[in-house]
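Protein chains: 2
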Amino acid sequence: MPANWPRKIDEELKAANGVPGLETCLLEYRALRDRQLKLNLARGVPSAEQLALSEALLALPGPGDFHTEEGTDCRNYMGQQGIPEARRLFAGVLGVPPENTVVEGNSSLALIHDCLAYACRNGVPDGDGPWQNVAGGLAFLCPVPGYDRHFKLCEAFGIRMISVPLRDDGPDMEVVRTLVTQDRSIRGIWCVPKYSNPTGTVYADEVIRALAAMPTAAPDFRIFWDNAYALHHLGDQETEIANLAELCVTHGHANRALVFASTSKITFAGAGLALLGSSSQNIAWYLKHAAFRSVGPDKLNQLRHVRFLRDEAGLKALMRQHRAILAPRFARVIETFRQYLGGLAQVSWTEPAGGYFITLDVVPGTARRVVDLCRNAGVILTDAGAPFPGGVDPDDRTLRIAPSSPSLEQVGAAAEAIAICIRLAAAETVHGEVVLI
Amino acid sequence: MPANWPRKIDEELKAANGVPGLETCLLEYRALRDRQLKLNLARGVPSAEQLALSEALLALPGPGDFHTEEGTDCRNYMGQQGIPEARRLFAGVLGVPPENTVVEGNSSLALIHDCLAYACRNGVPDGDGPWQNVAGGLAFLCPVPGYDRHFKLCEAFGIRMISVPLRDDGPDMEVVRTLVTQDRSIRGIWCVPKYSNPTGTVYADEVIRALAAMPTAAPDFRIFWDNAYALHHLGDQETEIANLAELCVTHGHANRALVFASTSKITFAGAGLALLGSSSQNIAWYLKHAAFRSVGPDKLNQLRHVRFLRDEAGLKALMRQHRAILAPRFARVIETFRQYLGGLAQVSWTEPAGGYFITLDVVPGTARRVVDLCRNAGVILTDAGAPFPGGVDPDDRTLRIAPSSPSLEQVGAAAEAIAICIRLAAAETVHGEVVLI
Chain A
932 MPANWPRKID EELKAANGVP GLETCLLEYR ALRDRQLKLN LARGVPSAEQ
982 LALSEALLAL PGPGDFHTEE GTDCRNYMGQ QGIPEARRLF AGVLGVPPEN
1032 TVVEGNSSLA LIHDCLAYAC RNGVPDGDGP WQNVAGGLAF LCPVPGYDRH
1082 FKLCEAFGIR MISVPLRDDG PDMEVVRTLV TQDRSIRGIW CVPKYSNPTG
1132 TVYADEVIRA LAAMPTAAPD FRIFWDNAYA LHHLGDQETE IANLAELCVT
1182 HGHANRALVF ASTSKITFAG AGLALLGSSS QNIAWYLKHA AFRSVGPDKL
1232 NQLRHVRFLR DEAGLKALMR QHRAILAPRF ARVIETFRQY LGGLAQVSWT
1282 EPAGGYFITL DVVPGTARRV VDLCRNAGVI LTDAGAPFPG GVDPDDRTLR
1332 IAPSSPSLEQ VGAAAEAIAI CIRLAAAETV HGEVVLI
Chain B
932 MPANWPRKID EELKAANGVP GLETCLLEYR ALRDRQLKLN LARGVPSAEQ
982 LALSEALLAL PGPGDFHTEE GTDCRNYMGQ QGIPEARRLF AGVLGVPPEN
1032 TVVEGNSSLA LIHDCLAYAC RNGVPDGDGP WQNVAGGLAF LCPVPGYDRH
1082 FKLCEAFGIR MISVPLRDDG PDMEVVRTLV TQDRSIRGIW CVPKYSNPTG
1132 TVYADEVIRA LAAMPTAAPD FRIFWDNAYA LHHLGDQETE IANLAELCVT
1182 HGHANRALVF ASTSKITFAG AGLALLGSSS QNIAWYLKHA AFRSVGPDKL
1232 NQLRHVRFLR DEAGLKALMR QHRAILAPRF ARVIETFRQY LGGLAQVSWT
1282 EPAGGYFITL DVVPGTARRV VDLCRNAGVI LTDAGAPFPG GVDPDDRTLR
1332 IAPSSPSLEQ VGAAAEAIAI CIRLAAAETV HGEVVLI
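Chains as they are written, first to last, in the numbering used here: chain A, 932 to 1368; chain B, 932 to 1368.
Hints listed in this document are in silico derivations from the structure and should not be mistaken for laboratory results. Careful, some of the hints might be misleading.
If several chains are the same, the list does not tell them apart, and a pair holds so long as it fits within one copy or across any two.
[To be verified] Once the Cα atoms are required to be at most 30 Å apart in a straight line, the calculated DSS-like pairs of lysine-lysine come out as: (1) Lys1219 <-> Lys1083; (2) Lys1083 <-> Lys969; (3) Lys1219 <-> Lys969.
Note that the structure is predicted; figures quoted are calculated from it, not measured.
Whole structure, please, built from the sequences with the hints as guidance.
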């Protein structure tokens, strides 16, 4: 215990708002530190148990198996769009026909990056030139809380980020509509439409329809639709959302949707496939620019995935196995939060029906403190503020919890640790911050 | 035969400069067309025989094998720089220590593209900002003939290309030195230093030293050193060239060299590994920007390659097997050219000691005609002009022949076809072009 242990510990008292007394909280926290945990819940990383589900991939495609159904040799060059059987397998996930599907390398973030890079450097169909030349500076709408790596991409490209509240049914469409009709420099919006990172939000069909239909000042406005958790259900309810690509066609904005997905959380996180679905014009645009960059993606890994997953039924069966591993971890966290944080005012958490995250709102002004307290007790969380543009949460309140990677037992211990830190940070708002080195 | 068969066929005559008579050439060409060949020598693509050398990769790494020597799970996220054993395996090829080696995805062209993209968007160490803002417009030196995909990258990024003659020992260093000391907008030069594409040129050690040592107006000048054929010998002589990265350090320009290589023509062309070697500052720069784009490359494919190739000795043994397949193809082409084109003035070809190409200089003004005549006879060649910026060969003279992909027999037939087309095109310069539909 540090030498400069709290100058003064108040008598235990039930503070206003259900915050427990500081002494109780401190005792809990000291006991927590004595457990010397070493756990990481910072990123949405599959567990070893999940990765083992795709063990067969390690020896696939196997000797003599390297031709596509069309006879292309997957060991050799060529084939920018991905092999036909892989495009057919994943087209349904994207909601576009196989001919409008691109199967790429091992990272959908890279695919998103490259689309943004080509748009910035060369412009997109319906546009009037490179996005990097947009008068007043290129801007994107960022529903918050959102995915930190999307926002980091904006930083890398010097894109101005405009936060938009994420409601229970998706981005606040009144705000979105007003902004995109008024500001021609806004060329895109980041969306994780199903089991959103980090809130688990599922966009309502009316919101999706509104995104497809709304008029925009910029004719080349794009929705970056990162459907990363399309098949990643946690309950029996396999939520379906409206098909953005189709709706964009219906409403006369065929080129508006860029739909992304990946198998990173289906097969191997580091060695999966990235997917893009869009209009014929956008696909031609992407392929044209991608051809400067590379002779094409790794087709053998695509064949390997086709051999392993076989078809959409195979894909869904695998996802049910993932669910069986993941659901208990989420349940354990939520159960622990209920137990420890149930009565605490201003503290709440999501109970997502899918995806990889639980969002936790703590007492405003304490999120960073909670992350520090957790780190100090051996539990690494995503940086507070990460789900906000620039890494700054204006209320310093929202935390992202990723319960997938540790074991069930560890997840329980981690959730308990987080709860203890939240209680201590809450008590500190009443009693003053204690010094913990 | 076409209806509009030549209006007038001259009597056979030995024209000046050893060009055979038009009638002989036409008879040959008609017989050639009757053979109805269907061959492609356009790109440097490995043959099925070569790809079969790495058959074992198809079932690797195999069940239960997914940990690096450090215990990293290759199936999962993370690891921007590549796995340690892969970096160690390939560091020697690049001429840098393993800690200055990056092992990336399946395309070194993509790695080159990305370095260029990050430089254009964000600038590089020693520089004063993004290359896209260079006053007067960013420019690159392009030794010619050179690799068409390098020049295409310049087009994609809007980079001004300045041609520099490629001599027998590398780029004309007098020209290079004058340009880089005078013009601050020149930030890079494209080099394929060993068995150059398409000429087979091997840069002399003094040229490499001069490139490392020369003063440049731009402090952030970079040599894009695409050592694609580092191990790709065709003869017993395993040519070694000077170590550019080391020389750059010696001469106080540690950040000048960006060294690239790949296993595309070692294992599988579509499913290999891309390699980058450079200074610590450049590697940190690359990794920083790559981290925005992706969580990291496919580590399983790296492990797969390590298991298969084992070490540098394994790598070199494999390359000797490639040589046994490739060398006879090159010999067949050269032998055929000698036989058909031996006496023809103004026609010459390279006899490379390594790499994937033979460069053929035909009668000036006839290269495009030769490509058309070949296509018309079922033999596809690289477009005339491809080895020059903008795809325009000022002398319309230089052709690139890629003999790797067809079988030995087919390569002989293709070389014969090319020679017949060259003779006919040469004869036409004397007798007037014939009409062939």
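Status of the hints after comparison with the structure:
1. Lys1219 <-> Lys1083: For Lys1219 and Lys1083, both the intra-copy (26 Å) and inter-copy (12 Å) Cα distances are at most 30 Å.
2. Lys1083 <-> Lys969: The answer is within: 27 Å in one copy meets 30 Å, while 50 Å across copies does not.
3. Lys1219 <-> Lys969: between (47 Å within a copy, 27 Å between copies)
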